[in-house]
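Given next are the chains, with one letter for each unit.
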Amino acid sequence: MDLNIENASLSGRKAHIWQRISAIYLMFYIPFLAAIILQLPASPTLSELSNKLSTMTLSTAFALTSLIALILMVVHAWVGVRDILIDYAPRVHVTLWLTIYRSILALVLINCSLITLSLFS
Amino acid sequence: MYSHPGNRPRFISIKEFHFPINALLSAAHRITGVVLIVSLIAYIALANLILLHPLVTLESVTSHWLVLLLHTGFWAALSYHWLSGLRHLLAEHFLEPKLYEMINSKNVSFALIAVWIFTTITVIYQVWS
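Sequence lines, in order, name chains A and B.
Residue numbering for the first sequence follows my numbering, beginning at 1 and increasing consecutively.
Residue numbering for the second sequence follows my numbering, beginning at 1001 and increasing consecutively.
These aren't lab readings, by the way, just hints derived from the structure by calculation.
Since this is a predicted model, take the numbers as computed values, not measurements.
A few of these clues could be false.
A short, non-exhaustive set of chain A residues, derived as facing chain B with CB atoms under 8 Å [unchecked claim]: (1) 24; (2) 27; (3) 44; (4) 84; (5) 89; (6) 93; (7) 115.
Simulated DEER-style distance windows between Cβ atoms [as the list claims (entries may be wrong)]: (8) A:17 with B:1031: 21 to 31 Å; (9) B:1091 with A:91: 28 to 38 Å; (10) A:50 with B:1019: 26 to 36 Å; (11) A:90 with B:1114: 31 to 41 Å; (12) B:1015 with A:118: 45 to 55 Å; (13) B:1054 with A:18: 35 to 45 Å; (14) A:60 with B:1097: 37 to 47 Å; (15) A:60 with B:1067: 22 to 32 Å.
Glycine included, C-beta positions come from ideal geometry on N, C-alpha and C.
With the rest of the complex left out, here is chain B (with noise of 0.2 Å):
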């Protein structure tokens, strides 16, 4: 039979909430900082396989499938991480309250997305073709 739980402490699904657009994006910054930092060294990983394996070249992993996902996801990665960077370098320095609603407005978050999602082709582009 259902109790109610009262006083005690109780689980609720982080699916049950409806974050903003901005904290959305925000999360997604450091998301995307620990992908970065994954990525670094999986990139010296192979740097070192590289120099020390005597099978493994550098031409001969150049176009490996797996290396090519390591660009795409770095350089997707990095741009995001660069362009909210950049929007939370503006939030800190414009503090007077019309450019500072501006820079957090939903029209730049939406913005910031369609740039993000450009450049992500872009390196799709650059790297798989």
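Okay, chain A solo, but in the shape it has when bound (with noise of 0.2 Å):
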């Protein structure tokens, strides 16, 4: 049997990409919001964080690098889960898995974003 798949949408090798690159970027992000988490106040109300997030020094930085790390986050747990699901689920039931995952996934982005946006405007 010929396992070499000629088909380049087929072989996987831009979702390994994606997964290095979000990978990549993670790895130096998560420190980084460890380091701004331990900043913040222990118990604070909701405007004293958004204030506190807003006014803290690297505060335009947090908010860049986080809303890259977010679009990234979803990228690379699309890969990851999509490769356990290709891996572990029945084969006939792949593709609506795959599909249910992929709509939380987008379901997640839009509520994200509509946090953001209450927390922030």
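Assemble the dimeric complex from its two separately framed chains, guided by the hints.
Written as structure tokens, this is what we have:
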């Protein structure tokens, strides 16, 4: 049996490259996120929290890197769980599970955007 | 009476297999990935609750045991996923036989587990104190 996949869209190469790009970015972002969280007050109100996040040093850098991190995290989560579903879900149901999972990730993105808007607008 | 299954498929319990430590660590990378997605959905649900429910406020939930448990699970899973992900990236980058062998050695596996246990203890201390 020939296992060399000629069709580029089925090789998984693109997904693997995106997985690596997002992994490298998140590798640097996560320690930064931990450092920011450690600076936050222990039990803030919602307005105190949004004030602190928008007035702290590196607040613009944090907002921008967090936005990129959110998008790349969704990409990373998509490729990772896609691989798990392809490996373990019964073959007849893979497409259905992938569609459900894709919809969940889309909802996560939409909801995160709405939360950000209501916090900082 | 027992009859030999011949060529028929047989059920073999997963407990009968003894996986090498790297296989277990790799499986744990996937499991923590799923835990992270579940935690993320839980955080989003919590944020929605705080923003939309008139009786739920941020200061009232920050010290609730369920939220503290969520923080602990999230950061413990994230630290493991980060550490083993770093190892995956290094293994893909350094392909020279000696370096590759070192990155995948048992000593590095145990070092990864030790660092993760230390990080998790720090997380528990930070979250619950």
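Hints, verified against the model:
Given the 8 Å rule on beta carbons, the hint for residue 24 (chain A) holds: about 7 Å separates it from the nearest Cβ of chain B. With a least beta-carbon distance of about 6 Å to chain B, the hint placing residue 27 (chain A) at the interface is held under the 8 Å criterion. For residue 44 (chain A), the suggested interface contact is upheld, since its CB lies about 7 Å from the closest CB of chain B, less than 8 Å. At a threshold of 8 Å, the smallest CB-CB gap from residue 84 (chain A) to chain B is about 6 Å, leaving the interface hint in force.
Interface hint status for residue 89 (chain A): violated, as the beta-carbon distance to the closest one in chain B is roughly 13 Å, over 8 Å. At a threshold of 8 Å, the smallest CB-CB gap from residue 93 (chain A) to chain B is about 17 Å, leaving the interface hint violated. Hint on residue 115 (chain A) holds. Least Cβ distance to chain B is approximately 5 Å, under the 8 Å limit. Taking the beta carbon of each, residue 17 (chain A) and residue 1031 (chain B) are about 24 Å apart, inside 21 to 31 Å as hinted.
For the hinted restraint 28 to 38 Å between residue 1091 (chain B) and residue 91 (chain A), the CB-CB distance of approximately 29 Å keeps it satisfied. Separation of residue 50 (chain A) from residue 1019 (chain B) is about 47 Å and departs from the stated range, judged on CB atoms against 26 to 36 Å. Hint check: residue 90 (chain A) to residue 1114 (chain B), Cβ distance near 38 Å, so the stated range 31 to 41 Å holds. Taken as a hint, the range 45 to 55 Å holds for the pair residue 1015 (chain B) and residue 118 (chain A), whose Cβ atoms sit roughly 49 Å apart.
Between residue 1054 (chain B) and residue 18 (chain A) the Cβ separation comes to about 41 Å, which falls inside the hinted range of 35 to 45 Å. For the pair residue 60 (chain A) and residue 1097 (chain B), the supplied restraint of 37 to 47 Å holds, since their beta-carbon distance comes to about 45 Å. Take residue 60 (chain A) and residue 1067 (chain B): their Cβ atoms lie about 28 Å apart, and the range 22 to 32 Å holds.
When the structure is compared with the earlier hints, violations turn up for hints 5, 6, 10 and for no others.
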